[in-house]
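Colleague: Just so you know, the sequences run in chain order A and B. Quick note: the first sequence uses the numbering used here, first residue 876, plus one each step. Quick note: the second sequence uses the numbering used here, first residue 124, plus one each step.
In short, the hints are calculated from the structure, not lab data. As the structure is a prediction and not an experimental result, all values here were calculated from the model. Just so it is clear, CB atoms sit at the ideal spot from N, CA and C, and this is done for glycine as well. Just to be clear, a hint being listed does not mean it is correct.
[Unchecked claim] Partial list, derived from the structure: chain B residues whose beta carbon lies under 8 angstroms from chain A: (1) Gln137; (2) Tyr141; (3) Ala158.
[Unchecked claim] A partial selection of chain B residues facing chain A, derived with a Cβ cut-off under 10 angstroms: (4) Asp138; (5) Gln159; (6) Gln177; (7) Trp180; (8) Phe193; (9) Arg195; (10) Phe229; (11) His272.
[What the hints assert, rightly or not] Derived Cβ-Cβ restraints for the label pairs, each shown as a range: (12) A:Arg972 - B:Asn265: 51 to 61 angstroms; (13) B:Asn265 - A:Asp918: 45 to 55 angstroms; (14) A:Arg972 - B:Ala230: 40 to 50 angstroms; (15) A:Gly989 - B:Gly169: 23 to 33 angstroms; (16) A:Ala914 - B:Ala128: 53 to 63 angstroms.
One-letter residues, chain by chain:
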Amino acid sequence: MNAPDLLPDLPDERLEAWLDHALPPDEARAVADRVATDAAWGDAADTALRLRAALAAAPLPTAPPDFRARVFAALPPDAQPTSVHADRPPTPRRRRRVRLAAGAVFAAVVLAVGLYVTRFQPEPRYSDADVAAARADVEWTLAYLNRLNAQTAAHVSDALPPLPQPEAAR
Amino acid sequence: MPPAALDTALRLHQDRVYAFALYLVGDADAAADLAQTAFVRLWERGADVAEAAQRAWLLRTVRNAALDRFRRQRFDGTVSDFDALEADEPSPLDQTETADLAAHAFAALDTLDEPYRSLVLLCDVQALAYAEAASVLELPLNTVRVYLHRARARLRSAFFLRTRERA
């Protein structure tokens, strides 16, 4: 005895249920076979998928810009918000102003921090050992310069012709 | 509900609620009216509506208000049926010049009755989970699944006919 045909001759709601994965496995297999082998079912499945795609791609109209204000205007005075335009989307001009203001605030903060760092920086504190080492460096440098000076003076005086003697000395 | 809480709800849900209203009634002014009504009612209900349930609650309120509007207009003789209401109004898609395929899809969607139309809008256009759509439409989850499959099957037939006519 053959298994009973689960499907009628023409595509019906079961095709939609199959596309929704809402059929039990045996019934889903039967529909899948029919879609694969029967041209009418194949066309119907194709149409259904195109239709779903077309509906899903439809644009969602947006509410008019004054809709929010309109709703609040229909309410009693005690139900009014503090600002009806608080959440309005920023216009290009408003966005530019916000950016400029943000830039000015940022520049002011950078300037203030710079001033603080340069003008109010505390005096550095050195240890005694640092001071002694620095003093030793300075003394060594001075001694070196003195010695260099003496040597240079000796070389220079050797290289120069003898100075003319004053008349009285002759 | 404090103004700040309503403000948050507006920021989170106003576009989705407005879009749903616009898809339902096809007219920008009417859609804004319906969405406004939903938010004012949310404010009136205050803490009765949990924050996590606000979106579904708002969508449900918009849909009920839209259905009331259709009934009232039919009763007044303002319009004879749903299609007549939409016939001379530009759809959201006309305004945004979307692809031909999407235009056909939405034209096919207009042929569906309620709640099938709302179901497709909620699940396939707004990508809501079935459970949330069930909450919006106040239907059991299994019923939503069955209705949605039925709605999609009908939509597919209408879409197929439209695209075949074009071809």
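Colleague: None of the hints should be skipped; say for each whether it holds.
Modeller: Going through the hints against the structure:
At its closest, the beta carbon of Gln137 of chain B sits 4 angstroms from a beta carbon of chain A; the interface hint therefore holds under the 8 angstroms criterion. Hint status for Tyr141 of chain B: holds, given a least beta-carbon distance of 4 angstroms to chain A, under 8 angstroms. Because the smallest distance between the Cβ of Ala158 of chain B and any Cβ of chain A comes to about 7 angstroms, under 8 angstroms, the interface hint for this residue holds. Proximity of Asp138 of chain B to chain A holds as hinted, the smallest CB-CB distance being about 5 angstroms (cut-off 10 angstroms).
Nearest Cβ of chain A to the Cβ of Gln159 of chain B: about 5 angstroms, under the 10 angstroms cut. The hint holds. At about 14 angstroms, the closest approach between the beta carbon of Gln177 of chain B and any beta carbon in chain A exceeds 10 angstroms, and the interface hint on this residue is violated. Among the interface hints, the one on Trp180 of chain B is violated; its C-beta lies about 15 angstroms from the nearest C-beta in chain A, farther than the 10 angstroms criterion. At its closest, the beta carbon of Phe193 of chain B sits 20 angstroms from a beta carbon of chain A; the interface hint therefore is violated under the 10 angstroms criterion.
Evaluation of the Arg195 of chain B hint against chain A yields a violated restraint, the C-beta minimum of about 20 angstroms exceeding 10 angstroms. This hint holds: Phe229 of chain B has a C-beta 7 angstroms from the nearest C-beta of chain A, less than the 10 angstroms allowed. Given the 10 angstroms rule on beta carbons, the hint for His272 of chain B holds: about 4 angstroms separates it from the nearest Cβ of chain A. With their beta carbons about 56 angstroms apart, Arg972 of chain A and Asn265 of chain B fall inside the hinted range of 51 to 61 angstroms.
At roughly 29 angstroms, the beta carbons of Asn265 of chain B and Asp918 of chain A sit outside the given window of 45 to 55 angstroms. A beta carbon spacing of about 46 angstroms between Arg972 of chain A and Ala230 of chain B agrees with the range 40 to 50 angstroms that was offered as a hint. The beta-carbon spacing between Gly989 of chain A and Gly169 of chain B, approximately 54 angstroms, falls outside the hinted interval of 23 to 33 angstroms. Between Ala914 of chain A and Ala128 of chain B the C-beta distance comes to about 56 angstroms, which sits within the given range of 53 to 63 angstroms.
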